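Undergrad: Quick note, the sequences are listed as chains S and F, same order.
Read in my numbering, the first sequence has 437 at position 437, and its numbers run on one by one without any break.
Read in my numbering, the second sequence has 365 at position 365, and its numbers run on one by one without any break.
Treat the hints with care, since some could be wrong.
Same chains, same label: a pair holds when it works inside one copy or across any pair of copies.
[Unchecked claim] DSSO-like, lysine-lysine: derived pairs with alpha carbons at most 27 Å apart:
{"#": "1", "residue 1": "Lys137", "residue 2": "Lys216"}
{"#": "2", "residue 1": "Lys519", "residue 2": "Lys475"}
{"#": "3", "residue 1": "Lys250", "residue 2": "Lys185"}
{"#": "4", "residue 1": "Lys400", "residue 2": "Lys282"}
{"#": "5", "residue 1": "Lys282", "residue 2": "Lys372"}
{"#": "6", "residue 1": "Lys399", "residue 2": "Lys137"}
{"#": "7", "residue 1": "Lys398", "residue 2": "Lys317"}
{"#": "8", "residue 1": "Lys319", "residue 2": "Lys372"}
{"#": "9", "residue 1": "Lys398", "residue 2": "Lys286"}
{"#": "10", "residue 1": "Lys400", "residue 2": "Lys137"}
{"#": "11", "residue 1": "Lys209", "residue 2": "Lys221"}
{"#": "12", "residue 1": "Lys400", "residue 2": "Lys287"}
{"#": "13", "residue 1": "Lys372", "residue 2": "Lys137"}
{"#": "14", "residue 1": "Lys286", "residue 2": "Lys399"}
{"#": "15", "residue 1": "Lys185", "residue 2": "Lys209"}
{"#": "16", "residue 1": "Lys319", "residue 2": "Lys287"}
{"#": "17", "residue 1": "Lys159", "residue 2": "Lys50"}
{"#": "18", "residue 1": "Lys221", "residue 2": "Lys185"}
{"#": "19", "residue 1": "Lys398", "residue 2": "Lys282"}
{"#": "20", "residue 1": "Lys216", "residue 2": "Lys412"}
{"#": "21", "residue 1": "Lys412", "residue 2": "Lys428"}
{"#": "22", "residue 1": "Lys209", "residue 2": "Lys159"}
{"#": "23", "residue 1": "Lys239", "residue 2": "Lys317"}
{"#": "24", "residue 1": "Lys209", "residue 2": "Lys250"}
{"#": "25", "residue 1": "Lys53", "residue 2": "Lys319"}
{"#": "26", "residue 1": "Lys185", "residue 2": "Lys216"}
{"#": "27", "residue 1": "Lys399", "residue 2": "Lys72"}
{"#": "28", "residue 1": "Lys428", "residue 2": "Lys250"}
{"#": "29", "residue 1": "Lys398", "residue 2": "Lys287"}
Just so you know, these hints were derived from the structure itself, not from any lab.
Remember, predicted model here, so these are calculated numbers, not experimental data.
2 protein chains.
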Amino acid sequence: MDKVLSRRDFLNLVGAAGGSAAVFQVTTALGMTPVIEHSVTPQLAPLAGKNRKVVILGAGISGLTSAYELSKAGYQCIILEASHRPGGRNFTVRHGDFIDEIGNPQQCQFDQAPHLYMNAGAARIPHTHHKILSYCKELGVELEIFENDNRNAWVQDPKFNQGKPVRSKEYLADARGFMTELMAKSIAPEDLDKPFSELDAGLLLDFLKSYGDLSKNHLYKGSTRAGLQSGGMLMPAIKKGVYDFSELLKADFWRFRMHWAEGADQGSPLLQPVGGMDMIVKAFMKKVGHQVTTGAQVRSIMNRSESIAVEYEHEGKRKQVEADYCLNSIPTHLVTGLIHNFPTRYVEGLKAPGRGKLTKIGFQANERFWEKQSIYGGFSWTNQDIQQIWYPSHGIHKKKGIILGAYVFGNKNGQMWGELKHEDRIEKALSQGEQVHPDYRKHLSAGVTVPWHRMNHMLGCDSHWSQQARNSHFKTLQQASGRHFMIGDQISYHAAWQEGAVSSAHFAINEIDQRERVKTS
Amino acid sequence: MDKVLSRRDFLNLVGAAGGSAAVFQVTTALGMTPVIEHSVTPQLAPLAGKNRKVVILGAGISGLTSAYELSKAGYQCIILEASHRPGGRNFTVRHGDFIDEIGNPQQCQFDQAPHLYMNAGAARIPHTHHKILSYCKELGVELEIFENDNRNAWVQDPKFNQGKPVRSKEYLADARGFMTELMAKSIAPEDLDKPFSELDAGLLLDFLKSYGDLSKNHLYKGSTRAGLQSGGMLMPAIKKGVYDFSELLKADFWRFRMHWAEGADQGSPLLQPVGGMDMIVKAFMKKVGHQVTTGAQVRSIMNRSESIAVEYEHEGKRKQVEADYCLNSIPTHLVTGLIHNFPTRYVEGLKAPGRGKLTKIGFQANERFWEKQSIYGGFSWTNQDIQQIWYPSHGIHKKKGIILGAYVFGNKNGQMWGELKHEDRIEKALSQGEQVHPDYRKHLSAGVTVPWHRMNHMLGCDSHWSQQARNSHFKTLQQASGRHFMIGDQISYHAAWQEGAVSSAHFAINEIDQRERVKTS
Numbered sequence: 001m002d003k004v005l006s007r008r009d010f011l012n013l014v015g016a017a018g019g020s021a022a023v024f025q026v027t028t029a030l031g032m033t034p035v036i037e038h039s040v041t042p043q044l045a046p047l048a049g050k051n052r053k054v055v056i057l058g059a060g061i062s063g064l065t066s067a068y069e070l071s072k073a074g075y076q077c078i079i080l081e082a083s084h085r086p087g088g089r090n091f092t093v094r095h096g097d098f099i100d101e102i103g104n105p106q107q108c109q110f111d112q113a114p115h116l117y118m119n120a121g122a123a124r125i126p127h128t129h130h131k132i133l134s135y136c137k138e139l140g141v142e143l144e145i146f147e148n149d150n151r152n153a154w155v156q157d158p159k160f161n162q163g164k165p166v167r168s169k170e171y172l173a174d175a176r177g178f179m180t181e182l183m184a185k186s187i188a189p190e191d192l193d194k195p196f197s198e199l200d201a202g203l204l205l206d207f208l209k210s211y212g213d214l215s216k217n218h219l220y221k222g223s224t225r226a227g228l229q230s231g232g233m234l235m236p237a238i239k240k241g242v243y244d245f246s247e248l249l250k251a252d253f254w255r256f257r258m259h260w261a262e263g264a265d266q267g268s269p270l271l272q273p274v275g276g277m278d279m280i281v282k283a284f285m286k287k288v289g290h291q292v293t294t295g296a297q298v299r300s301i302m303n304r305s306e307s308i309a310v311e312y313e314h315e316g317k318r319k320q321v322e323a324d325y326c327l328n329s330i331p332t333h334l335v336t337g338l339i340h341n342f343p344t345r346y347v348e349g350l351k352a353p354g355r356g357k358l359t360k361i362g363f364q365a366n367e368r369f370w371e372k373q374s375i376y377g378g379f380s381w382t383n384q385d386i387q388q389i390w391y392p393s394h395g396i397h398k399k400k401g402i403i404l405g406a407y408v409f410g411n412k413n414g415q416m417w418g419e420l421k422h423e424d425r426i427e428k429a430l431s432q433g434e435q436v437h438p439d440y441r442k443h444l445s446a447g448v449t450v451p452w453h454r455m456n457h458m459l460g461c462d463s464h465w466s467q468q469a470r471n472s473h474f475k476t477l478q479q480a481s482g483r484h485f486m487i488g489d490q491i492s493y494h495a496a497w498q499e500g501a502v503s504s505a506h507f508a509i510n511e512i513d514q515r516e517r518v519k520t521s
Numbered sequence: 001m002d003k004v005l006s007r008r009d010f011l012n013l014v015g016a017a018g019g020s021a022a023v024f025q026v027t028t029a030l031g032m033t034p035v036i037e038h039s040v041t042p043q044l045a046p047l048a049g050k051n052r053k054v055v056i057l058g059a060g061i062s063g064l065t066s067a068y069e070l071s072k073a074g075y076q077c078i079i080l081e082a083s084h085r086p087g088g089r090n091f092t093v094r095h096g097d098f099i100d101e102i103g104n105p106q107q108c109q110f111d112q113a114p115h116l117y118m119n120a121g122a123a124r125i126p127h128t129h130h131k132i133l134s135y136c137k138e139l140g141v142e143l144e145i146f147e148n149d150n151r152n153a154w155v156q157d158p159k160f161n162q163g164k165p166v167r168s169k170e171y172l173a174d175a176r177g178f179m180t181e182l183m184a185k186s187i188a189p190e191d192l193d194k195p196f197s198e199l200d201a202g203l204l205l206d207f208l209k210s211y212g213d214l215s216k217n218h219l220y221k222g223s224t225r226a227g228l229q230s231g232g233m234l235m236p237a238i239k240k241g242v243y244d245f246s247e248l249l250k251a252d253f254w255r256f257r258m259h260w261a262e263g264a265d266q267g268s269p270l271l272q273p274v275g276g277m278d279m280i281v282k283a284f285m286k287k288v289g290h291q292v293t294t295g296a297q298v299r300s301i302m303n304r305s306e307s308i309a310v311e312y313e314h315e316g317k318r319k320q321v322e323a324d325y326c327l328n329s330i331p332t333h334l335v336t337g338l339i340h341n342f343p344t345r346y347v348e349g350l351k352a353p354g355r356g357k358l359t360k361i362g363f364q365a366n367e368r369f370w371e372k373q374s375i376y377g378g379f380s381w382t383n384q385d386i387q388q389i390w391y392p393s394h395g396i397h398k399k400k401g402i403i404l405g406a407y408v409f410g411n412k413n414g415q416m417w418g419e420l421k422h423e424d425r426i427e428k429a430l431s432q433g434e435q436v437h438p439d440y441r442k443h444l445s446a447g448v449t450v451p452w453h454r455m456n457h458m459l460g461c462d463s464h465w466s467q468q469a470r471n472s473h474f475k476t477l478q479q480a481s482g483r484h485f486m487i488g489d490q491i492s493y494h495a496a497w498q499e500g501a502v503s504s505a506h507f508a509i510n511e512i513d514q515r516e517r518v519k520t521s
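One chain only, chain S, in its complex shape (with noise of 0.2 Å):
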């Protein structure tokens, strides 16, 4: 290949690009009306006085989206549920709470008041999630917007700035401007020729420049978008100065966590319920609580030609359900572990998905000493194990305040946090936080540390499927085996997320409704 490039090669590379579109299937967007995006809930057939038993393990949210709209047409459910509450990984810790982690019990030290709370598991709620958003509108869950892309909290890596930390917006405006300086410089419009008209090129230019907040020449001055360095009310506003692009590049953010808010999850706006995430579960609860055995703990699963069994412990006894139908949400590295019946192609599947291992861990802050640097909700970012600190979107301008301290995910960073001691785990969180916050330590304290993977009756987070897995077991595991199906957010193409535990209970309890019509028929 020769050496140099045209103006002209680059503007005809200019006109691949639009080409390219033309790829894809531009028609539907092309063509497209605003799509009401109506949220499907299932519309099961009344029972209509049939007697039809449906046994639910785990009051998770997909067993409790299950027993809710099962018990709408009629069906009988019974929900076992191995922990001491409902909920699974909606877990909304408080004043008081028992954090049941095996070889570490805890019992939180909030303070007692609405507003002192953590989400220790689902946290927030993508506008696109139109489930579990309407279940929430559905049982009355007050909801409220979750500050989910911050721009003026603090980016940090210790190979950027001296480690020290930066605003996200400068390192955005920083980063966005020198990149489409680079583009501008090398289309000079006066160097033009086809097949890009004066017009084309000066449009991209005119894009580019607009893009970046570039000067007149194209060139990226600094610019407000990162903030001010002083001025703007009483005198005029001075830009502040820039962060060289060879240095912002030095900095990881840019390899993922700078565009995380640009993902299809996290794109704003995001809401949460007002209270804690677990106002779902309670919601759910005051509809089907009476159905829910907490501290049942499954033995066993057999498919039976006319039903299916489970047997369970509870309160030191073995018991016995014998149902229609079995929805099952516990993890499926732990079904394996039951006494059960089922095919090995199943059981294969059961095997298939890994686990991820995923530490939360949280403090009260004395003081909201976020908000005295302009920091409402959101969260920064380090590149340390800790991840990120999220500062509440709610409780603005009370004295105190719950901040989350470490997101530790990644299965080896997971698994490390999760062997050390609590004690160890609060002070690694606390001198990591330091890199952001200097006077982090003087405020927090009452430090809960909750790694799924080592929680009671869970053991793992979400799940992980890799595509050799999904390829071949997940279709298996989504499928009932027999009597039983397998449901929960694990059985999802969204695990993690309730709206993936809600889409797995949908599609069960379908199952079930279209089994039930044809017999009816």
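Following the hints, put chain F in place on chain S, whose structure we already have.
TA: Structure of chain F alone, referenced to chain S:
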């Protein structure tokens, strides 16, 4: 100039872009530690027995702030407000409220409910506006997150996509993707030579890939950032089709609207008082309401050697107040019409700023139809006069809601909409809104229109300072003329924002404080 650009040349440009950072004072930025951005509230010396009277003209945010702070220090304050209500352009419209447009008096027909309000003036608080946020805290005004950058709201432009709206996130993801694809194509790493090492060029390519969500070979093949066409829960996720870059460039969206939420005042998070912006006014009024006389129209302001005299009309009578100082937030272009004895230079200053013409139109919706399209807060953009359609960040999932159906700005459009009859404004807002929401009209009623340049006692929105006017007259007007201080957002570099109003008040009362300290010492 030659017609070819070698890749080496191009990469030299890359280097030059990095190097251009050196032009700026990067030391502050690079060496910075997290700065605690405390709000500076005035610390006035207590009068300690001295009698000082201050007459304040206008009970908007600048007047109320002044009265609040001066009262703390022992000054006797009298606030004369021409309108029937305090607050100025901090104006929340609710059931039954009177909208005092000259020639078009309206009474708001919204239903009565805490969430059914329209912030007709100030409607959001940037996280950087420390002073007004600090007053919210001090006065106990409850705040909540205001959604300002809804990626799921609509972008509509007659010139783009046959006028059919697309989700903001689709536009953003595709434009970003194609832009970075273009750039990536121009720097294929196998052709690189110095000065950029392969690593550096590779870094840049990786950056672009990550920035634009490019495929492995640096092409933009659509992105889940744009939302999904289908799947993602029970089935694999299918990406949406893409909009051709040249098609995207046809929309004016990228000229400034696309980057709106990158702006210094518009970057996330923003906040709003729970229950309406005038909760701030109400909180101030609890402190200084007894000092306010509404319906008091100023007729003359006369500086004297030992005092300042203000004549006004109230309930049909001519009255006078003599004070030590006068703080005046009356719009500058209305001050010039009063009887006064200001020096010529000062009067020139009063005449210097122009006035914005801005109209907001609100509707009550009988159902929150936008939430059925998964829109929670934020706003849609259209390239029609109405510019924006705002959806409330609060009252989520309730039955009804108030939307802002037009935010008309720019002097030409502002003038034109102001000249329309009330009914014609409503009709025009509805017919333009239908381009974004086809079934818009059937949901909306109780339209209120607030053209600020026609509101009684205002006759203008924000002050507009040309650079020349700013250079020639701003300092004159910011400084006192005798015992008379102009205040308000009009006397700041931040017109149309409450922070500008508070800043101007702080400036003036600090000046008064300095004078009193000198006298005392």
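Undergrad: Hint by hint, which ones does the structure fall short of?
TA: 1, 7, 8, 17, 23
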